[in-house]
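Asker: Each chain, letter by letter, is given below.
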Amino acid sequence: MAEPVLTLTDLHKSFGALKATDGVSLTLNPGEIHALIGPNGAGKSTLIGQISGRVLPDAGTITFRGHDITRLDVAQRARLGLGRSFQISSLIPDYSARRNVMLALQARQGHSFRFLMPVMRDRGLRDRADAILDRVGLRGRASVPSAELSHGERRLLEIAVALALEPACFLLDEPMAGMGAEGVGALVTFLRDLKTEAPILLVEHDMDAVFALADRLSVLVYGQVIATGTVDEIRNDPRVREAYLGEEA
Amino acid sequence: MADIKREYALNALLALGLLLVPIWALYNGAPFTITLFTRIAILALAGIGLNIALGLGGMVSFGHAVYFGLGGYVAGILAQHAFNGAPILGLPGTNQMLIIWPVAMVLSGLLAAVIGAFSLRTSGIFFIMITLAFAQMVYYFAVSWPAYGGEDGLPIYVRNQFPGLNTMRPFELFIVCWGVLMLALGVFALIRASRFGAALMAIRQNPDRVASLGINPFGVKLAAFVISGMITGLAGALMADLSRFASPAAMAWTMSGELIVIIILGGTGRLFGPVAGAAFLVGFEVFFGGLTEHWKLWLGLVLLAAVLFNRGGIVALIAGRERLG
Amino acid sequence: MTAALLFEQFLNGLQFGLMLFLMSAGLTLVFGVMGLINLAHGSLFMIGAFFCAAAAGLTGNFWLGLAAGMAAAAAAGALIEMTVLRRLYSRDHLDQVLATYALILILSEGTKILFGPFPLYLDVPPLLTGTVNLGLTEYPLYRLALIGFGLLVAVGLWFLIARTRLGVRIRAGENDREMIAALGVNIRALYTVVFALGAGLAGMAGALVGAVQSVQVGMGEPVLILAFVVIVIGGIGSIRGAMVGALMVGIIDTMGRFLLPRIFATFMEVNQASGVGAALASMLIYLLMALVLVIKPKGLFPIHG
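Residue numbers (the numbering used here), protein chains in the order written: chain A, 2 to 250; chain B, 8 to 332; chain C, 6 to 310.
Derived by calculation from the structure, the hints in this document are not laboratory data.
Think of the CB as a built atom: it goes at the ideal place given N, C-alpha and C, for glycine as much as any other residue.
Where hints are given, some of them may not hold.
Among chain B residues calculated to face chain A with C-beta under 10 Å, some are [as the list claims (entries may be wrong)]:
hint, residue
1, Ala196
2, Gly204
3, Leu207
4, Ala209
FRET-style restraints, in silico, Cβ to Cβ [claimed, not checked]:
hint, chain 1, residue 1, chain 2, residue 2, range
5, C, Arg176, B, Phe39, 51 to 61 Å
6, A, Glu4, B, Arg328, 46 to 56 Å
7, C, Leu165, A, Gly17, 25 to 35 Å
8, C, Leu141, B, Pro109, 50 to 60 Å
9, B, Leu315, C, Val160, 35 to 45 Å
10, B, Arg128, C, Arg168, 28 to 38 Å
11, C, Trp68, B, Phe316, 42 to 52 Å
12, C, Phe272, B, Ala154, 11 to 21 Å
13, C, Arg176, A, Glu167, 42 to 52 Å
14, C, Val160, B, Pro109, 53 to 63 Å
15, B, Ala154, C, Arg176, 25 to 35 Å
16, A, Thr190, B, Gly186, 54 to 64 Å
17, B, Phe316, C, Lys301, 34 to 44 Å
18, C, Phe123, A, Gly17, 56 to 66 Å
Model the full structure from these sequences, guided by the hints.
Answerer: Structure representation (structure tokens):
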């Protein structure tokens, strides 16, 4: 089996007495969708924060494509090929959908210290942005400011921005949140196709979508991974049933 | 689209009006008017500098007067050394604007790099207070350093020279300042439309998102802050030549406040915002200053009303709010 | 240089620091509770000084003047809070800066209209004139009283915030605005009270300092900027930080101005040394601020995270 793209080894993070991440280890392999699930307050956000670089772990290491990225900042990790979408849509509000994608393309090229050429007249950049918008079905909304897009459209634009980065792995934080059933169905199809380009670490609350998509699942409870396995293994794991059903009952 | 046309029309009106009134004044013997318009051009130039940091990058610097004042001291100090023939740091002084300007810009840029490196570690209210405090530090240094006039400032006996023009004539000095202003407007427009500008304006709106794309917000902001300081420093050098005086007052916190007022009243981030703001401020002072010695009270009230009731300044009032394609 | 001189300068620094604390406490409270940056805080300092000088001049009684100064500043504070600042809490800092800058213009010109363009002078109260023997040195009684006064107010403020109902609400307001609104506290009234309290402290500082310097328009802003340095060092929103920061700034600034020219004089020509020393001394507290920022970007006692 190929080397994992992303490896977390024994991560720890506490806020005061609260152990938000308590010895988490997991891997993301090429070509897979690895879903991370867990009840509210299990520490998913903190874990995502540590992978993306917004939160520094107290102990443990994060390895990405052979590099130790544990101490790198958000921008450095992104440049190495870590592409993420945000749980709550986080776009550039005044920028059109096209400009949001163009900014990601420009970041991918690493050419942000160019002062002279007008970026909107850069046909190459524009056409590639439009092609990506086409792929997620937003081509017709290219010139609408992202603040004026609908909720579902903003979720798609999040994906488009992540696509523009051509990352080596996707970190998708609840991409389906707030989407209608139809939108979720389309996105499931899209992500299944996407994982062949780069593996996806998927944090998602929509269990139907997770079960439909995930090659592997990890269940996070109180900052610990209590189980990792295929969909069937997880469904039948007594600890998971207890944690989940106990939580929800 | 009508909005964009109106903005173009307003910009053209401002650029030409700024040129045509002094030409009229030249032929009607009104040198005071020419000097007034020179002041508008220089303040607008200083405002363009701040507009890059504040308007495009969202960095509310309350200490931009420090670059304005520093530029003035560069003009004053180099002129003094040219006048008395004493070398400065082993080099001769100069009274050539074309040498003074780059020196003023480089030194202002260096100062902005140092101040920015500290202040950009913070944001929001901290940033405002820290930029103010650092500017005040340099101000007190200038006031208490006796070699170049201290509290009294530094007179420039003969205006620095520009090749082919007699800068002692008000109109010829005005043309120099107007030309520099137009150039700076061009630079601002280029930066705003460039990839750098795209990153900078995006950072203003959502720095976390930009970082997650792989662009380090700190580097982009620092670069913008340095460019911003350089342009304001250049304006300071011109102002010292206009008033023939390098003054510590140009570094005072009130000047920093005035620069912010110019930008906000004109229109934050808008190309001609600083021009509209500077014209308004100077016009207000001349008009109301002639009516009452308490004109600043009225300025305060107008400003307060502008903040509370109108968003977007003069340019937005005429051409609507801006949309970024 | 004698121990007596050094001790005297230390006391001067302490007194300066405590007056700065009176200014900074209100500023930092207003930021901590309302999230407002108030440039017009220096104007309230000025208002306190002017009303104190005028009332003391009219009645011949310093203490009546001090009460008038504090009352005028607190009233002016409450008035601008209710008419203007209240609309700015939800705005961004730029709007707050601009509106309170406008308030400086209005209040400064208003003061000129009310009291005339010339400085006023305020006499030290007869009770506190003269000097007192502190063993090492004779020290002006009034300045010593300022130190005592500043310490007293600091203790009072600590008691108010740590031990009273109002204090509980202020602390709650710093942590969670929605929470205290949900608990049924009248948040508008709370904000006005907090603002008036801060304004009253600034007015008190202005009135007290007015007796050792001239009372004039524009006297508030240099103090305001020093108060900014204080709360950047101390941590925005922290009263304890304001106290520590104010004492550091007061003592370092005063001692620096006294010592640096003398230190430079040991290896430079005296004339030159006093220039260089004075110039560097004027920068000391800002360098201190830069140092604090490098080590602790949110100040020594951060309250927000």
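Asker: A separate judgement is required for each hint: does it hold in the structure or not?
Answerer: Structure-based check of each hint:
Interface hint status for Ala196 (chain B): upheld, as the beta-carbon distance to the closest one in chain A is roughly 9 Å, under 10 Å. A hinted interface residue such as Gly204 (chain B) counts as satisfied when its beta carbon comes closer than 10 Å to some beta carbon of chain A; here the least separation is about 7 Å, so the hint holds. Annotation: interface hint on Leu207 (chain B) holds; nearest CB of chain A at approximately 9 Å, less than 10 Å. The criterion of a C-beta within 10 Å of any C-beta in chain A is met by Ala209 (chain B), whose closest approach is roughly 5 Å, and the hint holds.
Separation of Arg176 (chain C) from Phe39 (chain B) is about 58 Å and conforms to the stated range, judged on CB atoms against 51 to 61 Å. One distance hint, 46 to 56 Å for the beta-carbon pair Glu4 (chain A) and Arg328 (chain B), holds here, with the actual separation near 51 Å. In this structure the supplied range 25 to 35 Å holds for Leu165 (chain C) paired with Gly17 (chain A), their Cβ-Cβ distance being about 28 Å. Between Leu141 (chain C) and Pro109 (chain B) the C-beta distance comes to about 56 Å, which sits within the given range of 50 to 60 Å.
Between Leu315 (chain B) and Val160 (chain C) the beta carbon distance is about 39 Å. The supplied range of 35 to 45 Å therefore holds. Taking 28 to 38 Å as the suggested C-beta distance range, the pair Arg128 (chain B) and Arg168 (chain C) conforms, at roughly 36 Å. Evaluation of the 42 to 52 Å hint for Trp68 (chain C) and Phe316 (chain B) yields a pass: the beta carbon distance comes to about 43 Å. Taken as a hint, the range 11 to 21 Å holds for the pair Phe272 (chain C) and Ala154 (chain B), whose Cβ atoms sit roughly 19 Å apart.
Restraint check, Arg176 (chain C) to Glu167 (chain A): a C-beta distance of roughly 50 Å satisfies the suggested window 42 to 52 Å. Checked against the hint of 53 to 63 Å, the pair Val160 (chain C) and Pro109 (chain B) passes, with Cβ atoms roughly 57 Å apart. Against the hinted window of 25 to 35 Å, the Cβ-Cβ separation of Ala154 (chain B) and Arg176 (chain C) comes to about 51 Å, which falls outside the hint. For Thr190 (chain A) and Gly186 (chain B), the hinted distance range of 54 to 64 Å is satisfied, since their beta carbons lie about 60 Å from each other.
Separated by about 40 Å at the C-beta atoms, Phe316 (chain B) and Lys301 (chain C) satisfy the suggested range of 34 to 44 Å. Phe123 (chain C) and Gly17 (chain A) have their C-beta atoms about 58 Å apart, which keeps the hinted 56 to 66 Å range intact.
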